[in-house]
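Chemist: Single-letter residue listing:
There are 2 protein chains.
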Amino acid sequence: MLKVPAHQVAGHQAGDGKLGPLVDDSGLFYKPLQSGERGSAEVTFYKSFSSNTRIPENIRRFFPVFHGTRVLEASDGSGLCPHLVLQDIVSGHLNPSVMDIKMGANTWPPQSPEDYIAKCLKKDRETTSIQLGFRISGFQIYGSKESEFWKPDKQFFKSLSAQDVRLVLYKYVSSNASPDLDLNPNCAFASVVYGGSTGILAQLQELKAWFEDQTIYHFYSCSVLMVYGQEGSGAEVKLVDFAHVVDGEGVIDHNFLGGLCSLIKFISDILTTPPDEYSTKACLQDSQNNQSFCDNGIHE
Amino acid sequence: MLKVPAHQVAGHQAGDGKLGPLVDDSGLFYKPLQSGERGSAEVTFYKSFSSNTRIPENIRRFFPVFHGTRVLEASDGSGLCPHLVLQDIVSGHLNPSVMDIKMGANTWPPQSPEDYIAKCLKKDRETTSIQLGFRISGFQIYGSKESEFWKPDKQFFKSLSAQDVRLVLYKYVSSNASPDLDLNPNCAFASVVYGGSTGILAQLQELKAWFEDQTIYHFYSCSVLMVYGQEGSGAEVKLVDFAHVVDGEGVIDHNFLGGLCSLIKFISDILTTPPDEYSTKACLQDSQNNQSFCDNGIHE
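Protein chains in written order, with the numbering used here: chain Z, 570 to 869; chain L, 570 to 869.
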C-alpha cells in the first residue's frame with residue numbers, strides 16, 4: 570500500500586534501500602523523522618502550528634495538513650521508525666510540475682552550533698541564497714507526452730547562477746521546457762500559473778502580508794513548494810520542511826521575508842516581460858547598469 | 570569657519586586630533602574620503618545616484634544632497650585630504666534627536682575578502698543585526714533644557730539586546746528619555762514623530778515600496794538616520810554611508826529590505842501599543858509564545 574513518491578524533487582529520497590518519505594493512495598505523505606533534534610523539532614512545529622489559534626485561516630492553506638505521527642516500517646528496511654503523517658501535496662495534480670525553493674539568505678538559525686553555521690554559510694554563499702535570498706533546490710517540469718518530465722540531478726542545482734534561476738523560472742511555466750539552454754522558453758502557462766487573482770504571485774503576496782506581521786516563528790531552511798498540474802486546476806504554493814523553525818520572540822522573520830520579496834520580484838518580472846523580449850531585455854539591463862553605475866568606476 | 574559637527578552620533582568623529590567630518594555654517598557636511606577603495610566607492614555611488622535618471626523624485630529626498638568633492642585641511646591636522654561635500658542633515662533642526670540604524674542582517678557585500686566577511690559576520694552575530702535585520706549604532710536623544718542630550722558611548726551599543734532596541738525606540742520619542750532603564754518612556758512625541766502621513770513610519774513605508782522594486786543598488790552596511798528637532802517641524806529619514814554599495818545586477822536588495830520591514834514592524838508596534846501597556850504586553854507576549862510554541866517541547 571505504501572510506495573515511493575513519484576514526484577519528489579528535493580530532500581532525502583526513498584528507493585534503492587535508502588531512507589525517505591512514502592505515500593499511500595489516500596493522499597497521505599509519510600515523512601520519516603529526521604535523526605536527533607531535527608525530527609522532534611519538526612513534530613513540535615506541526616503540533617504548535619496546528620493548534621495555534623493566532624494563525625489566520627487564509628494562511629493555514631499554505632501549510633500541509635498535519636495528521637499526527639505514526640510508526641511504520643522504514644523505506645530503507647531498517648525496521649520500525651516514527652513518521653510524520655502529512656497531506657500529500659502533489660497527489661491531486663496530473664503530471665505535476667513541481668519546484669522546491671529554499672528560502673532565506675541565511676539558512677542557519679542564529680543559535681546553531683558553530684560547525685553547522687560554517688557548513689550552511691558555505692553552501693549559502695556557493696549557491697544563490699546570499700545573492701538572491703533563496704535558492705532552487707529541486708524541480709521537475711512536465712514537457713510533453715513524449716519527453717515527460719525534465720528533472721535534473723542534484724549536481725545541477727549546485728552551480729545555478731542568478732541568471733540560470735531566472736531562466737528556470739521562465740521554463741517552469743513553459744510548454745517547451747527542456748534542458749536545452751538555447752531553446753527559448755515560450756511561457757505558455759505564465760499568465761495561468763503565475764498570474765491572475767489565484768495564481769502563484771497572488772499567493773506569494775498573501776504570504777508576504779502575513780510575514781510582514783507575524784512574529785511567532787522564524788522559518789530557517791524552509792522551502793516554498795510550487796505545484797501545478799496538466800489538469801488545469803489551480804497552481805498551489807505550500808511551505809514545507811520545518812526542522813529548523815525557531816521561536817520568533819516578537820520579531821518578524823526578516824530573513825524569510827527578504828527572500829520572499831526577491832522571489833516575488835522575479836515572478837513579477839516574468840509576468841511583465843514577455844519571453845520574446847526576455848533575452849533582449851537582459852542585455853539591455855546589463856548595459857543600463859553599466860552605464861549608470863559601473864562606468865563611474867566602482868568596478869574598475 | 571569649519572567646525573566639528575555637534576550632533577554626530579556614529580562613525581569616525583573629528584576632535585582631539587582625530588580624522589572625522591566637518592561642517593560649516595551654510596549647511597554643508599564635509600566627510601573625509603575613507604582610505605582605499607571605500608572612499609572612491611562612496612564617491613562613485615554619489616556620482617552614480619545623483620545622475621541616475623531611474624531614481625524616482627520622491628526617493629531622492631531620502632538621500633543627502635551631493636555637492637561634489639573638495640580638498641580641505643583634514644581635521645586631524647594631517648594635511649590636505651579630499652572630502653565629500655554633502656547636505657548637513659541635522660543643521661535644520663533645533664536640539665535634534667538623532668538615531669543611526671545600520672541596516673541588513675549581513676553587513677558584508679558577497680564579493681568581499683574572506684577576512685572582511687569574517688570580521689563583519691562576527692559583529693553581525695554579536696549585535697542584533699542577524700536577529701533583527703538591523704542594529705542601532707548610535708543615537709542622541711534630547712531630554713530637557715536641564716538634562717540636554719542623552720548620548721551613550723560606543724560601548725553601550727555593543728551589548729544591546731532585541732528588548733533594549735525596542736526600549737530605545739520607545740525612548741527616542743519620549744520627553745523623559747534618560748539612561749535610567751527603570752523609568753518608563755512616556756512616548757510624548759510618538760504620534761507626531763513616528764505617526765501621521767508624513768511621519769517616520771510613512772517615510773519608511775515609502776522607502777520600502779522602492780526597495781521592493783529597485784534592482785540598481787545593494788546597500789550593504791548603510792544606515793537609516795532618523796532626525797527630529799524641538800522646533801516641531803517634520804521628522805526626517807535619510808540614508809547615509811555608501812562605502813559598501815554594490816551593483817544590484819537586476820536583483821532586489823532583500824538584505825536591506827528585510828531589515829527595513831523589521832524596523833517598520835518595531836515602529837508600528839510602538840504606535841499601536843501605548844507606553845503604559847508596553848511592559849505588561851511584553852510579558853504577555855512572552856507567555857503566549859511559551860504557550861503556543863515552546864511548551865510543545867522545542868526548547869526543552
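No wet-lab data here; the hints were simulated from the structure.
Hints are not guaranteed to be accurate.
Stated by the list, open to error - EDC-like, lysine to aspartate or glutamate: derived pairs with alpha carbons at most 16 angstroms apart:
#1 Z:777 <-> L:683
#2 L:714 <-> L:800
#3 L:692 <-> Z:782
#4 L:691 <-> Z:684
#5 L:691 <-> Z:683
#6 Z:691 <-> L:626
#7 L:777 <-> Z:782
#8 L:807 <-> L:683
#9 Z:691 <-> L:800
#10 Z:807 <-> Z:657
Chemist: Take a quick look at whether residue 807 of chain L and residue 683 of chain L sit within 16 angstroms of each other, Cα to Cα.
Modeler: 30 angstroms, violated
Chemist: For the pair supplied as a hint, residue 691 of chain L and residue 683 of chain Z, confirm whether the alpha-carbon distance does not exceed 16 angstroms.
Modeler: 12 angstroms, holds
Chemist: Do the alpha carbons of residue 777 of chain Z and residue 683 of chain L lie within 16 angstroms of each other, as the hint requires?
Modeler: Between residue 777 of chain Z and residue 683 of chain L the Cα gap is close to 33 angstroms, so the pair fails against 16 angstroms, i.e. violated.
Chemist: Sort out whether residue 800 of chain L lies within 16 angstroms of residue 691 of chain Z, counting only the CA atoms.
Modeler: Not OK: residue 691 of chain Z and residue 800 of chain L at ~51 angstroms, beyond 16 angstroms, violated.
Chemist: Does residue 714 of chain L pair with residue 800 of chain L here, judged by a C-alpha cut-off of 16 angstroms?
Modeler: 14 angstroms, holds
Chemist: Would the pair residue 777 of chain L and residue 782 of chain Z pass a check requiring their Cα atoms to be no farther apart than 16 angstroms?
Modeler: The hint holds at about 15 angstroms.
Chemist: Are the Cα positions of residue 692 of chain L and residue 782 of chain Z separated by 16 angstroms at most?
Modeler: 27 angstroms, violated
Chemist: Does residue 684 of chain Z sit within 16 angstroms of residue 691 of chain L, going by the straight-line distance between their CA atoms?
Modeler: Since the Cα atoms of residue 691 of chain L and residue 684 of chain Z sit roughly 14 angstroms apart, the hinted pair holds (cutoff 16 angstroms).
Chemist: Tell me if the straight-line CA distance from residue 807 of chain Z to residue 657 of chain Z falls inside 16 angstroms.
Modeler: 11 angstroms, holds
Chemist: Straight-line Cα separation of residue 691 of chain Z and residue 626 of chain L no greater than 16 angstroms?
Modeler: Violated: residue 691 of chain Z and residue 626 of chain L sit about 40 angstroms apart, past 16 angstroms.
Going through the hint list in order, the structure does not satisfy hints 1, 3, 6, 8, 9.
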